[in-house]
Structure formats: structure tokens, C-alpha cells
Amino acid sequence: MSDATIVLIVMTLGTFALKSAGPLVLGDRSLPVRVQQAIGLLPAALLAALTIVSTMGDGREIVVDARLVGLVVAGIALWRRLPFVVVIVVASAATAITRLIS
Amino acid sequence: MDDLDDAVRRRAIHRQAASIIAAVAPFGIVFGAAAATAGLSLLQAIGFSVLVFGGSSQFAAVEILGDGGSVASAAIAGLMLNVRSLAFGVIMAPALFGAWWQRAAMSQLMIDESTAVGAAQSERRWRRYGYLVAGIGVFVVWNLTTILGHVAFADAGDLITDLGLDAAGPAVFLALLWPRLSSRPQRRTAIVGALVALALIPFAPPGVPILAAMLGVVAARFGKPDEQPSDAPLDGSGVLS
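Top line first, the protein sequences correspond to chains A and B. Sequential numbering from 1 applies to the first sequence in the numbering used here. Sequential numbering from 1001 applies to the second sequence in the numbering used here.
Okay, chain A solo, but in the shape it has when bound:
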């Protein structure tokens, strides 16, 4: 079995357990406040880490390349409240143009 297939199986089972735990087990009961607070912070930490790693990571190297230009442009687009799709398109376009002229 290939690595990807093993990852797929593990993630399928694990993700389903995480998704269905609330509806199947918890029902209307709620978690302790501290646990809720920690879970509430998880997405911010993870998405920020993923943003940085997918922008500047290349294996075990930190690289600064055209992707960073795309990310900055994406940030400006988000700040200007442009729609999600537009943000993705301008970030990609900025990265492509940076590669063309450099």
C-alpha cells in the first residue's frame, strides 16, 4: 500500500471520528469552558502556521520567493474586503507576474 493510501485511511477514520463526536456522543451537553477556549484558538494557530509554511517552506528550507508577493497581495485584497475568489486570483496573478519579470 502506498504512503498516500495509508494517510488516506488514517485520515478518513480520524476525521470522521472528530466530525461525528459532537452529534453522536455529546448531543446537547457542552464541554468545560477551558477546553472550549482552547479548541476555539486551534484554527487561528493552525491556519497561521499553514499560511507561513506553505508560503516560505520548501522541505526544511526557508525560502523567500514569488509566493511571498502573492501572499502580501492576498493580504491587501482581504483588507480591501474583496471576495474570496478575487483574493485567490489576484494572489496567483501577482505571483505569476513576479516570476515573469524576475
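In short, the hints are calculated from the structure, not lab data. No residue lacks a Cβ here, since even glycine has one placed at the ideal position from N, Cα and C. Don't take each hint at face value.
To spell it out: a stretch of chain A is covered by chain B in this simulated footprint if at least three of its residues, at any positions, have a beta carbon under 8 Å from a beta carbon of chain B; those stretches are [said to hold, decoys possible]: (1) 8 to 19; (2) 40 to 48; (3) 51 to 64; (4) 70 to 79; (5) 83 to 91.
Dock chain B against chain A, hints included.
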């Protein structure tokens, strides 16, 4: 009169769901292409989109595999990204009533988008309706675009960089993060998470910096005394927006 209100309510939900479904489409194409680039077969890519069905987690796992990361780091990073489903489950549980197998089936649709549309409604039946409409819509579009991305961009890694699509992933992550940055604790968490991950890139296998960023932030949260007892519990606002 009630019928009229229902129709208005339903149309509003359809509009919300439509815009979020449209927004997912390019990400699906990027995922399909990223899966192809990382060496996954079409069947494996579809397997991720049907069975795991969690955008950022699929993306993370495939990126790590493509970078030569281990099975464990790819699977753990992917699963860690889906830990937030636990919180979504807590929010949506009251609306997802039914027999156990119905609740299980509806749980498979639990992603950021379906939970966001569902939790935005005020009544239980509309929360359920919004969740299901957005969830099913995204599920269909996500899988079709995964196939399109894999087929159209397979063996075309140059095309991905030429079109700057390798910046689409980071832009999507930033866009998902963005609404959370308006809250101070969330913003601080994001900054610390990003710095920890960046600092660890040269020293840890792919995937580990992401895990460390998350675990570090949670550890810091638990290490502190409970200073704000009413700080954004799971009413949906703290987690989703």
C-alpha cells in the same frame, strides 16, 4: 404568511450557500493539481475529497507527502487541522437531530463552510437546512473540481508555478484565517503560531512545525490562569468568524 417567510428564508440561505460554494471551486482545482503534483493517483485524490472531505486538512497532508514528509507527520498534521470539527460538532449537534445513522451521515458534511452557513441561522430547522444545503453543494463541487484539477494539471507542475497557483494555497489559508484576526486573542494566537512554525522549518520534518505551533499555543492557553471566564465560548462567533 409563514409560507412567504419560509420562502424568503430559504432564498437567503441559497444565496449564502451559492457564494461559498463558488469560492470553494478554485481551491478544489488547486487541491486536485497539488495531489497530482505530489504523486497521488486520481483515485487517491478523489478518495481524499469524498472520504476525508476537509479542505485544509487534505491540502496539508498532500503538501507534506509531496515534500517527502513521513506518513505519520502527514496524517497527524491533517488530523490536527480537523480537530476543530469537534467544536463544530458541539455547535451543530442540536440541529443535526435524527437516528444515529442520520446524524453520522450528516456529520460527514461537517466543514468550515457548512458549519458557517448553518450557524449563521437563528432557528434550529434553518440551521439544519443551511448546513445541509452548503454541505451538499460544497461536497459535489469539491469533488468535481478535484477531478478537474487532477486531470487538467497532472504532469503540469510548470503550469502551476507559471500561473502562480502555488500561491493560491497560502492565499486560501490566509483568507480562512482573516476573519479570525479581528479578535485580539485570536490574532495573538495566529502571530505566535506563525512565528513558531517559521522558526521550526529548518529544524523539524515537514508537518512538525505546524503541529508544534498548535500544541504550543494550546499549552500556553492551559498554562495561564482562567482570566476571562466568559471569553468567547462556543457560541459560534469565536470559532467561526
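- Enumerated hints in conflict with the structure, sorted upward: none
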